[in-house]
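Visitor: On the provided structure of chain P, position chain E as indicated by the hints.
As you go down the protein sequences, you meet chains P and E in turn.
Sequential numbering from 1 applies to the first sequence in the numbering used here.
Sequential numbering from 1 applies to the second sequence in the numbering used here.
Treat the hints with care, since some could be wrong.
[Said to hold, decoys possible] Derived Cβ-Cβ restraints for the label pairs, each shown as a range:
id, chain 1, residue 1, chain 2, residue 2, range
1, E, Gly217, P, Ala21, 32 to 42 Å
2, P, Tyr14, E, Lys70, 48 to 58 Å
3, P, Tyr14, E, Arg124, 36 to 46 Å
4, E, Pro106, P, Asp48, 24 to 34 Å
5, P, Asp48, E, Gln247, 32 to 42 Å
6, P, Tyr14, E, Gln170, 53 to 63 Å
7, P, Asp48, E, Pro342, 15 to 25 Å
8, E, Lys55, P, Asp37, 34 to 44 Å
9, E, Arg79, P, Asp48, 20 to 30 Å
10, E, Leu146, P, Asp37, 28 to 38 Å
11, P, Ala21, E, Lys195, 21 to 31 Å
Just so you know, the hints here were simulated from the structure itself, not pulled from any lab data.
C-beta: ideal position from N, C-alpha, C; glycine also.
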Amino acid sequence: MVERRWLGLYRYRYLLFLLAALGLASASLQGKSAPTDVLIQSTNDVFDEIAPCG
Amino acid sequence: MDSGDYFGLAGEQDSLKSAFMVQAMDKLGYDVATIGEREFNFGQQFLLDTFKTTKIDLVCANIVYADTKKPFVKPYVIRKAGTARIAFFGLMGSNLKWRTLPGEKPLEILDPVETAKKLIPEMRKKADVVVLLSHLGLTDGQKLTLEAPGIDAMVFGHLVGLSKQVVSTQNVINVRGGERGQYIPQIHLVIEDGKISSFDGDVVTLDDKIPADEVMGRLVDTFSDALNKRFADKNAANAQTSANATQASQTGEHYLGEKNCRRCHEVEYQMYTKQAHAHAFATLENNQRDATPECLPCHVVGMNQQGGFVSKPSTPDLVNVQCENCHGMGTKHPEQGSIVGPDVCITCHTHEQSPNFNYDEAVAKIVHWQ
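The shape of chain P in the complex, shown without the other chains (with noise of 0.2 Å):
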């Protein structure tokens, strides 16, 4: 029974690898793409820091 229900998915599996790339394609053409998080940190100056005498 199970292996049978396997077999049924397996037989779709062209439909859905379709319905996937279709969406991804979908996504795409309208430029639309997850946010991305930049952090940029700097420094200025640093040569100074390393100063310790004691």
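Guide: Here is chain E on its own, set in the frame of chain P:
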């Protein structure tokens, strides 16, 4: 990122420290750095070689070889963050002067505004966001945002002061992170569909509330200890030459040491010996900094002066902060007064070395008169 001035001024110690600084930046994960005028203090090749062994991209768009007009380093670099492409470029202030060593090819600084105007369209074709690491100073940096549109974010560098807020001026998100590496400005961008949809950020103060990185702390200590040993070994190797030079220098005006002062100022001397100045050299010895050139001048008498401290083996009477540090050279004694004001103290108790220095409180600790 770094917006420049990570090299020291001159001398062997500063050059070693500068190279170490870049190695440390690499280990801390810096991605991109631009060039400040100080970065030429040890020569063009030294600068290039120092970065060669790192993963840091060195960028500057307006420093070119004077003859060929070819860029000295990469004008810009594009880094990917997720799906976003970010172009980082650097600019140097056209009014800044730097050292050119004999035999070096002359370099030229192109006008930063014109350079940016030419470069920005090219970068925009390849990247979603354009970020400037500026070494233009405050006024020229602000001018650039008005005259060269197309920059998304900018980190001000070179004597720009501190502004603890990340703001947007003329559509350029910008921040000024103070000096001496004491702050880390952070710009947080959210990029959607190739555009910045929102931003925020802050400036982190690297004070005692931020715990020191243990690995980096050990690295700095190891470097500083090795540096001190290097100079100590040099002093030992040159001991005879130094002794001869010391003897020769003491034929003219020179420092005499506290023992000479004591002959007439016994009361003052006894009070002085119980105070911190009289043990200033031990502070360096305990921290293995007793041969480190940048530390010595404020812990000995007359360092780098005719007839002053050379090294402990050759001038043992001139260690510690003594009478002559504040009152002047002993052989000139009759010409000088003995009243000392804050202008003398601040030659060593600088804002950097003694940030909490208070003259009245400090004087109370060194009373040696009745």
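Visitor: With reference to the structure, classify each hint as holding or not holding.
Guide: Results of checking the hints against the structure:
1. Here the CB-CB span from Gly217 of chain E to Ala21 of chain P is close to 53 Å, at odds with the stated 32 to 42 Å.
2. Judged by the Cβ atoms, the range 48 to 58 Å given for Tyr14 of chain P and Lys70 of chain E holds: they are separated by roughly 56 Å.
3. Judged by the Cβ atoms, the range 36 to 46 Å given for Tyr14 of chain P and Arg124 of chain E holds: they are separated by roughly 42 Å.
4. Judged by the Cβ atoms, the range 24 to 34 Å given for Pro106 of chain E and Asp48 of chain P holds: they are separated by roughly 29 Å.
5. Our hint of 32 to 42 Å for Asp48 of chain P and Gln247 of chain E holds, since their Cβ atoms are close to 36 Å apart.
6. About 54 Å separates the C-beta atoms of Tyr14 of chain P and Gln170 of chain E, a value consistent with the hinted range of 53 to 63 Å.
7. Checked against the hint of 15 to 25 Å, the pair Asp48 of chain P and Pro342 of chain E passes, with Cβ atoms roughly 23 Å apart.
8. Between Lys55 of chain E and Asp37 of chain P the C-beta distance comes to about 22 Å, which lies outside the given range of 34 to 44 Å.
9. At about 28 Å, the CB distance of Arg79 of chain E to Asp48 of chain P agrees with the hint of 20 to 30 Å.
10. As the Cβ distance of Leu146 of chain E to Asp37 of chain P is approximately 29 Å, the hint placing it in 28 to 38 Å holds.
11. Distance hint for Ala21 of chain P and Lys195 of chain E: a CB-CB separation of about 27 Å, consistent with the stated range 21 to 31 Å.
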